[in-house]
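Take these sequences, add in the hints, and give me the full structure.
Chains as they are written, first to last, in my numbering: chain F, 1 to 316; chain W, 317 to 598; chain R, 599 to 962.
Please note that the accuracy of each hint is not assured.
To be verified - Result set (DSSO-like, lysine-lysine): computed pairs, CA atoms no more than 27 Å apart in a straight line:
id, chain 1, residue 1, chain 2, residue 2
1, F, 231, R, 695
2, R, 663, F, 231
3, F, 231, R, 729
4, R, 952, R, 888
Stated by the list, open to error - Far from chain W, some chain F residues (derived; all Cβ distances over 10 Å):
id, residue
5, 2
6, 47
7, 49
8, 63
9, 125
10, 177
11, 242
12, 244
13, 304
14, 311
15, 315
What the hints assert, rightly or not - Covered stretches of chain F, going by a simulated chain W footprint (3 or more residues, C-beta under 8 Å):
id, segment
16, 13 to 21
17, 135 to 143
18, 248 to 259
19, 282 to 291
None of these hints come from the bench; they were simulated from the model.
This one's a predicted model, so the numbers in the text were calculated from it and none came from an experiment.
C-beta atoms are modelled at their ideal positions from N, C-alpha and C, and glycine is treated no differently.
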Amino acid sequence: MAKFLARRAFTTCIVVILVSIISFSIVNVLPGDLAAAILGEEGGADSQRYEELRASLGLDQPLYIQYLNWLTDALRGDFGISMRTQEDIGPAIVSRAVPTIQLAIFAMALSILVSVPVGVISAVRQRTMVDTGGTLFAILGVATPGFWLGIMLMLVFAVWLRWLPPSGFVPFWENPVEALRLMIMPGIALASGLTGVLIRQVRASVIEVLGEEYIVAARSKGLTERVVLYKHAFRNAIFPVVTLIGLQVGQTFGGAATVEVVFSIPGLGRLAVDSIFFRDFTMIQAVMMFLALTVLLTSLLADIVYARLDPRVRYA
Amino acid sequence: MDRLMLGPRFSAFREFVSTPRSAVAVGIIVVIVCAALFADVIAPMDPNAQDYTVVLQPPSLDHLLGTDHLGRDLLSRLIHGSQVALLVGVASVGLAAVLGSFLGLLSGYASGLVDEAMMRVMDALFAFPSVLLALGITAALGPGTFTIVIAIAVADMPVFARLTRGQVLTVRERDFVTAARALGAKPKRLIFRHIWPHVTTPVMVMASLHVGFAILTEAALSFLGLGVQPPTSSWGGVLRTGFAFLETAPWLSAFSGAAILIAVFGLNLLADALRDYTDPRG
Amino acid sequence: MSENSKPLLLDVSGLSISFATKQGVVWAVQNLSLCVQQGETIALVGESGSGKSVAVRSILRLLPKATARIDSGRVLFEGRDLLQADEATMREVRGNKIALAFQDPMAALNPVLTVGEQIAEAIRAHEELPKHEVRERVVELLTLVGIPGAEDRLTWYPHQFSGGMRQRVMIAIAISCNPDVILADEVTTALDVTIQAQILELLKDLASKLSTAMVLISHDLGVVAGMAQRVYVLYAGRVVETATTDDLFDHPSMPYTWGLLRSVPRLEGEALDKLVPIEGVPPDATKSAKGCRFQPRCAYRRDICAEREPDLLLAPDTNEGHLTRCWGRQEVTEGGWLLATDWQSDLGDPGLVKQIRSSAAVGG
Chain F
1 MAKFLARRAF
11 TTCIVVILVS
21 IISFSIVNVL
31 PGDLAAAILG
41 EEGGADSQRY
51 EELRASLGLD
61 QPLYIQYLNW
71 LTDALRGDFG
81 ISMRTQEDIG
91 PAIVSRAVPT
101 IQLAIFAMAL
111 SILVSVPVGV
121 ISAVRQRTMV
131 DTGGTLFAIL
141 GVATPGFWLG
151 IMLMLVFAVW
161 LRWLPPSGFV
171 PFWENPVEAL
181 RLMIMPGIAL
191 ASGLTGVLIR
201 QVRASVIEVL
211 GEEYIVAARS
221 KGLTERVVLY
231 KHAFRNAIFP
241 VVTLIGLQVG
251 QTFGGAATVE
261 VVFSIPGLGR
271 LAVDSIFFRD
281 FTMIQAVMMF
291 LALTVLLTSL
301 LADIVYARLD
311 PRVRYA
Chain W
317 MDRLMLGPRF
327 SAFREFVSTP
337 RSAVAVGIIV
347 VIVCAALFAD
357 VIAPMDPNAQ
367 DYTVVLQPPS
377 LDHLLGTDHL
387 GRDLLSRLIH
397 GSQVALLVGV
407 ASVGLAAVLG
417 SFLGLLSGYA
427 SGLVDEAMMR
437 VMDALFAFPS
447 VLLALGITAA
457 LGPGTFTIVI
467 AIAVADMPVF
477 ARLTRGQVLT
487 VRERDFVTAA
497 RALGAKPKRL
507 IFRHIWPHVT
517 TPVMVMASLH
527 VGFAILTEAA
537 LSFLGLGVQP
547 PTSSWGGVLR
557 TGFAFLETAP
567 WLSAFSGAAI
577 LIAVFGLNLL
587 ADALRDYTDP
597 RG
Chain R
599 MSENSKPLLL
609 DVSGLSISFA
619 TKQGVVWAVQ
629 NLSLCVQQGE
639 TIALVGESGS
649 GKSVAVRSIL
659 RLLPKATARI
669 DSGRVLFEGR
679 DLLQADEATM
689 REVRGNKIAL
699 AFQDPMAALN
709 PVLTVGEQIA
719 EAIRAHEELP
729 KHEVRERVVE
739 LLTLVGIPGA
749 EDRLTWYPHQ
759 FSGGMRQRVM
769 IAIAISCNPD
779 VILADEVTTA
789 LDVTIQAQIL
799 ELLKDLASKL
809 STAMVLISHD
819 LGVVAGMAQR
829 VYVLYAGRVV
839 ETATTDDLFD
849 HPSMPYTWGL
859 LRSVPRLEGE
869 ALDKLVPIEG
879 VPPDATKSAK
889 GCRFQPRCAY
899 RRDICAEREP
909 DLLLAPDTNE
919 GHLTRCWGRQ
929 EVTEGGWLLA
939 TDWQSDLGDP
949 GLVKQIRSSA
959 AVGG
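Here you go:
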């Protein structure tokens, strides 16, 4: 296992470097540069201020030096200063990451709780009405724009019925009940796509595992169907599901952008959207870098979990 | 004579649409494609005609799906919105599929360091949530339809590259490819004559699925105000307006979202049906 | 079969099984009857696809519910018809009274559970024992099947064992509840030849030690020779010949059995000059034909063979209980032309052999 993880960690490092290059260069393919953007329309005319600012930002250096400077600062947690709010980007991102991560964890937990039983039942009752219903539910989940589902939930439960607060955010550890009330609608909105994808994967892998010889062998011992399903089948069917969850973390963060806008949640997604409107490029760079790194780390984590769960990898 | 002319392709199509699932899928897609192609004919009104006497009207016989804050007919706007959805969906995924498959073929065939390097770049692109990558590209290129197409294409490229590479790796070990190589077939010929045909089917299936996802991404970006710019009518754009008037005119949000849902649902069903239909294991 | 003094343990009669597949209905087993006495070993022999595995799995009702259908038949065990029994009864029988050992232990052992657990759960399914006693039993079983250092290997996973060792684990699971019958489904096929002999020896040893009856399934008459008291030869889902093992080897009664015997290397007795393969390929089980199922590959066939299927009848001039399904060996009108044939010298009509070979080359 050590060998497998070492290789995995090594490739992750390489990908991290590539991610940083992409994050850095996306903003630098812009026409014009940061100094001009900071100074705005009227300041751009003042060529002396412009040159001074360029020098202080290091923009007079070659691009690769700029990149290396940015990267070494970033590695120390220093992403520079927001062009819009003048605040330190590092702490700003950390504080905005809290709502996004809380929401993402809630949504993923929700969708695992729904998709596992639905997928398993669909697989066991393959080609019955139950299965058709489960599959239809899954496709609807994938096809529904999450933020639209959020808007519709808001319309019904906040605007019409007034059962739930329409928007806002409270950290879970400050007020768990209120946090849950606030997260239910955005959570469902964010979970819908993931739930659809997971149901299909759970169903497919349970069906595949149920066709394996060791399932017949388990039945031939006189075990109950419950034990066969949950001890023998599910433990094997879970591996592709774990991998998929790891891969879907990124999509969940991506979906969070619109959902956060709908429900006025001060998270990273909204930060990214606002930053684009205000052409706050240093912030966009940092948010992209941060989210991509989170995605890479969670998928590394998913692989570690996989390796722990599967003895064939653990003892390899 | 009809029969002779239509030939086996037609009967294959008949067989394909004979299941309820694929019939529904094809039905939805035909309706949307027609709406997009003949929008000017079908739409009851000019989608951009403003009429301040009928602002924010609920659905009625005059305006089947109601009107927006400028008195524009919602049904007409949604019918025209299908053009943007289809254009962005097909163009971006087409671009992603072509570029991605090309890289995947190259990567899978070259193997070694080239393969490793290309795949790591794909991993890096894949690490960015597609909406976020699209946001970043929008930041760089400025909002607009062209930006969206590029953004989605870049975000989707790794999917096709990985898929194609995987197929190539499986196929190239198969006997007939080994045999062709032993007989001295040149790499180019090997790829296009022997390997490419085995790659096209899974790529088609994946593409039909991703056209749906691209429509979702386009809707998300337009909803955020970073996608297709007004006054061009897009489903996400209508939803953006609708959200602003959620309490007074909920039909705007409801119908525009439903249009997205139905289109993506149809494409997902189609991808599903195509996969089952083309999967030799049945 | 009046010579049988021991009580009948398992009595299968008239069993027919079909599968619904995309290519159509597959008639896997047709009108199969067999019986097993206490402590007896019988063997089912036939090529792959002849329905052996399907037949034994149906005894425990382990066929896939979605596709398999039992069209007719009875499986009497302890006075009950297992085909009519409820799930609870079947669970009680499975593993406890009738155990199944599998062909490929790598596929039949769950990759994510330790072997200790996989044996222990078989015991726990039928007996309530304290934890340490279960553990002792598992160690005992592993030792019994010849796995050294059993104590330490309880926590091993299947992939950590060699193929032969895995098959020993599989057998340990099969005997864990001391069943009355073990159904051994091609247990040696996946193994190296030297390991095969060891596993067969182990099975034979255990069967006599525990006085367990055994249904041995194999495609190899050689494997069966030293193990079984009675052999059933299956072809295309039907029994085509059955006899005591000695009788079958000494007086095989129909062309398919002859073919099987000719393709087995024999060390003792009057050796043939060379191995002779059975020409052609097994029939497509989705197509029903009206004549004898082996007739397309038979070098002794006559017109009647393609018209009507022969019954499984007592073979003339043989011992009691020797049944055969062949027109050429039955004293009926139009039949009986093979009664005097010496199978070791007469290989059938050479013209027919050539014809079968060429049609198989085209069809295959």
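Outcome of the hint check:
{"no.": "1", "hint": "F:231 - R:695", "verdict": "holds (23 Å)"}
{"no.": "2", "hint": "R:663 - F:231", "verdict": "holds (20 Å)"}
{"no.": "3", "hint": "F:231 - R:729", "verdict": "holds (19 Å)"}
{"no.": "4", "hint": "R:952 - R:888", "verdict": "holds (24 Å)"}
{"no.": "5", "hint": "2", "verdict": "holds (21 Å)"}
{"no.": "6", "hint": "47", "verdict": "holds (25 Å)"}
{"no.": "7", "hint": "49", "verdict": "holds (24 Å)"}
{"no.": "8", "hint": "63", "verdict": "holds (15 Å)"}
{"no.": "9", "hint": "125", "verdict": "holds (18 Å)"}
{"no.": "10", "hint": "177", "verdict": "holds (26 Å)"}
{"no.": "11", "hint": "242", "verdict": "holds (18 Å)"}
{"no.": "12", "hint": "244", "verdict": "holds (14 Å)"}
{"no.": "13", "hint": "304", "verdict": "holds (17 Å)"}
{"no.": "14", "hint": "311", "verdict": "holds (26 Å)"}
{"no.": "15", "hint": "315", "verdict": "holds (26 Å)"}
{"no.": "16", "hint": "13 to 21", "verdict": "holds (count 5)"}
{"no.": "17", "hint": "135 to 143", "verdict": "holds (count 4)"}
{"no.": "18", "hint": "248 to 259", "verdict": "holds (count 8)"}
{"no.": "19", "hint": "282 to 291", "verdict": "holds (count 4)"}
Against the hints set out earlier in the document, no violation occurs for any number.
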